[in-house]
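Peer 1: Basically the numbering used here = 1-based index in the sequence shown + 72.
Since the hints were derived computationally from the structure, they do not count as laboratory data. Among the hints, a few may not be true.
[Said to hold, decoys possible] Label-pair restraints from in silico Cβ distances:
| # | residue 1 | residue 2 | range |
| --- | --- | --- | --- |
| 1 | A95 | T273 | 34 to 42 angstroms |
| 2 | E114 | R352 | 24 to 32 angstroms |
| 3 | P211 | T125 | 28 to 36 angstroms |
| 4 | D136 | S244 | 41 to 49 angstroms |
| 5 | T238 | S127 | 38 to 46 angstroms |
| 6 | A146 | A269 | 25 to 33 angstroms |
[Claimed, not checked] The calculated EDC-like cross-link candidates involving lysine to aspartate or glutamate, where the alpha carbons are at most 20 angstroms apart (straight line), are:
| # | residue 1 | residue 2 |
| --- | --- | --- |
| 7 | K153 | D136 |
| 8 | K128 | D154 |
| 9 | K128 | D202 |
| 10 | K153 | D180 |
Heads up, the beta-carbon is just placed ideally off N, CA and C, and yes, glycines get one too.
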Amino acid sequence: MSHAPTALAVYSASDPIRQNSHAICVDGLNVAGLSMAVLYQEMTTSMPAFDPTSSKTSAVNFLDFPAFLLARYATVAEVEKDLQQTLQVVWATRYNAVGRLVSQGAQDAPPLHVTVHDVTGASLVLQFRDGGLQALHNPLGVLANQPFLQQQLQHHENWMQAHNLTATTAPSGQKWPLPGDYSSLSRFTRMAMVRAATLATCWPTTAGNETQLLSPGALPSEQYPEHSPALLAVLGIVQAAYLPRGIDDDGQAASTNAADREVTPYSTLRDHVSRVFYYR
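Using the sequences plus the hints, can you model the full thing?
Peer 2: Quick look at the structure:
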């Protein structure tokens with residue numbers, strides 16, 4: 073899901089980044105089944121510059137990083153290995169104007185973080201904190217805008233414990249108390265709990281015309297019938313976290329932040345097995 077204006081485009085594997093192109097990839101899936109999405113993260117206040125003394129001798133500017141991920145990698149494990157051993161993700165000062173535009177003049181670097189998923193189900197969150205990049209495994213596979221992933225996971229654990237459940241409890245007929253407000257923390261826990269309930273449910277092997285609600289011209293029920301139930305399940309999960317107009321990402325109604333940018337205008341679904349990217 074996104075709160076940002078976006079254009080849908082398809083790039084060939086032979087020319088994924090494109091020199092002199094001003095397009096910035098914020099959501100995508102490649103032919104290997106690796107996907108990534110860029111999310112707003114207001115606690116990201118800076119990104120590191122290139123360090124010529126680092127043992128990581130390769131570098132990519134953050135604005136090119138999402139397309140670079142899709143062009144170069146097939147799995148989360150490959151991404152994590154290079155980030156640990158060879159690759160710096162940096163911010164070049166010549167793009168400060170872009171950072172100030174995204175942050176509405178608050179800072180030079182854009183306040184963003186990245187989530188990466190692959191066909192194995194692995195999930196990695198890439199966030200900038202304390203002057204550096206953190207690559208964190210995401211055991212729940214969901215992510216909201218803020219705060220940092222560690223705090224989102226802690227809030228989820230606290231919520232579950234407050235209702236006599238554990239963070240990894242699987243639903244088995246007991247009351248499933250979802251948080252109801254629209255703050256990032258509540259939306260994170262709501263998505264995680266709906267996902268857990270979905271995984272514990274036996275979905276039918278075929279689906280009806282509901283999948284026609286997805287991308288125009290793409291009918292999963294006809295083209296990928298074995299995956300239709302899963303797509304419908306995911307659609308239910310993401311709809312549980314849609315941000316409606318009039319409420320901002322902190323869960324406040326009629327605040328100065330509840331403008332056009334604080335709304336969910338579109339959502340994407342990614343079939344990592346069939347390598348199909350749907351939008352809605």
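Peer 1: Hint numbers the structure violates, sorted upward?
Peer 2: As far as the earlier hints go, only 10 is violated by this structure.
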